[in-house]
Amino acid sequence: MEGLADRYADRAVRSVFIYTREAHPGENYHHHQSMDDKRHNARAFKAHSKIKRQILLDDLEGSAHHAYGLPPNMTWIIGRGGFIHYKSSWTAAADVEDALEKIIHFQDNRIKEQLVPFYSERSAWSVRDREQFMQGLERAGPQAVEDYKRMLKKGSAGKPPPPDTPRQVPGNFYKPKDDEPVSG
Amino acid sequence: MDHPDYNYSVFVPDENEFIDFAVKSPKVTMRAPSFPLEDLETGDTLEMRELWKKDVTVIEFGSFT
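Keeping their order, the protein sequence lines are chains A and B.
Numbering-wise (the numbering used here), the first sequence opens with residue -3 and increments by one.
Numbering-wise (the numbering used here), the second sequence opens with residue 1093 and increments by one.
Among the clues, some could well be false.
To be verified - Just some of the chain B residues that point at chain A, by a computed CB distance under 8 Å: (1) ASP1094; (2) ASN1099; (3) SER1117; (4) LEU1129; (5) GLU1130; (6) MET1140.
Said to hold, decoys possible - Footprint (simulated), chain B over chain A, 3 or more residues, beta carbon under 8 Å: (7) 12 to 23; (8) 51 to 57; (9) 87 to 99; (10) 123 to 129.
In short, the hints are calculated from the structure, not lab data.
Don't be surprised by glycine CBs; every beta carbon is placed ideally from N, CA and C.
The following block holds chain B by itself, in its conformation from the complex (with noise of 0.2 Å):
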């Protein structure tokens, strides 16, 4: 999925949205998967694997709207 499929402009509700979480996402008990993110603070490149290094790490995935 290129970027403007994913940064639709007209929200359309895709129940496999929800399906593929279920099935496809990583189970727990796997190996959380690791890449790089945008610190909006400082603009520094983070790779997640840092964030659970030392500590337990709840990530909330979400936006303003």
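Chain A with its partners taken away, still in its complex shape (with noise of 0.2 Å):
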């Protein structure tokens, strides 16, 4: 997402980080019970991941995260004006690219062309990264990683999802028949 921050920068497309709560707290990086534990666990967030781009921090009771729903890592795209465009649960570069070239071109172009919005859904895709995942957990703590393996055993008997599952991914919605074969 820095790389997309820097690409569309230029052209008139502003990129910013809302700081939540954490998702998977753990002994280094634990819950917030105040704004500075909040202000230290986004500096060292912003530390750690080098983010050149605005962070913002939401309330301690989480009032933006509240109203545009509470998934981990979403992102929006706003219109000029506020006019919502685009609105993914998880974050996926590659998807988010695709649909602001559109929403770039559709603003520009709009009384030109006569295009005229309207509203739309469909799925979208991200790449598992297991592993940058993991270590993710290990770094906020040995709780956060128990809590996840404690997630895993009540979900699926004690085994991680197997790698063609996509469907698992929290957020898909889709529910497979007990005799349907696997598939996206």
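Got two chains here, each in a separate frame; can you build the complex from them with the hints?
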């Protein structure tokens, strides 16, 4: 997402990061009991990730996070004036960029080409990077790792999801029938 | 939800988060809600609607963990 922010900065696109609650709190980066806790973890995140985008802190109650929905890593694209063009329950830079190109075209050409916006939904894909995810949990602390392992045991009788089951990613609502082969 | 419930100390998955995102959160084509946010660098308060006054705005929500 940092590369995308750089590439589009000179095309009247502003990119920001809103810091929410800790998704997987652990001993090293625990849950927020105060705004100072939130600032501390956000600064650690900025230093670790070398993020250059503006980081904005939601309040301690998560007012903005609640209003936009509570997934831990979602992305929205808002057009000039506040028109919501895009919302995604997970952040996948390629999908965001695909949408962004179309939105810029729409905003630049809506009068000339007589473009009329309408509501639409579609599915999207991201690349699973389990190794990077587990590194993040380990960075947060042993508790974060154990919490995640407990979730896997509860959700699939002690087995992690097979690699070819995209429907098990949270945010995917497809409910396969028992005898249905695995597919996307 | 008050802040101790929101800022849970132990992660427990909640599938309703994603259902609520799809069903209850604002839809595309709606007007984006605005809330005051704190700039990490300056400590200043900024209204979200200031973000999209002139620019298309990409907003990623997340945390370190």
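Evaluation of the provided hints:
The restraint placing ASP1094/B at the interface with chain A holds, with a minimum CB-CB distance near 7 Å, inside the 8 Å limit. Using the Cβ-Cβ criterion of 8 Å, the hint placing ASN1099/B at the interface with chain A is satisfied: the shortest such distance is roughly 5 Å. Residue-level restraint check for SER1117/B holds (minimum Cβ-Cβ distance to chain A is 3 Å; threshold 8 Å). Against a cut-off of 8 Å between C-beta atoms, the interface hint on LEU1129/B holds, since the closest Cβ of chain A lies about 4 Å away.
For GLU1130/B, the shortest C-beta to C-beta distance to chain A is roughly 4 Å, which falls under 8 Å, so the interface hint holds. The beta carbon of MET1140/B is positioned within 8 Å of a beta carbon in chain A (closest approach about 7 Å), and the interface hint is therefore held. For a cut-off of 8 Å, the count of residues in the segment 12 to 23 of chain A with a CB near a CB of chain B stands at 11, and the three-residue condition holds. Evaluation of the coverage hint for the segment 51 to 57 of chain A: fulfilled, as 7 residues show C-beta separations to chain B shorter than 8 Å, against a requirement of three.
Three residues within the 8 Å Cβ limit are the bar, and the segment 87 to 99 of chain A against chain B gives 4, so the coverage statement holds. A stretch counts as covered by a chain when three or more of its residues have a beta carbon under 8 Å from one of that chain; for the segment 123 to 129 of chain A and chain B the count is 0, and the coverage is violated.
Hint 10 from the list above is the single one not met by this structure.
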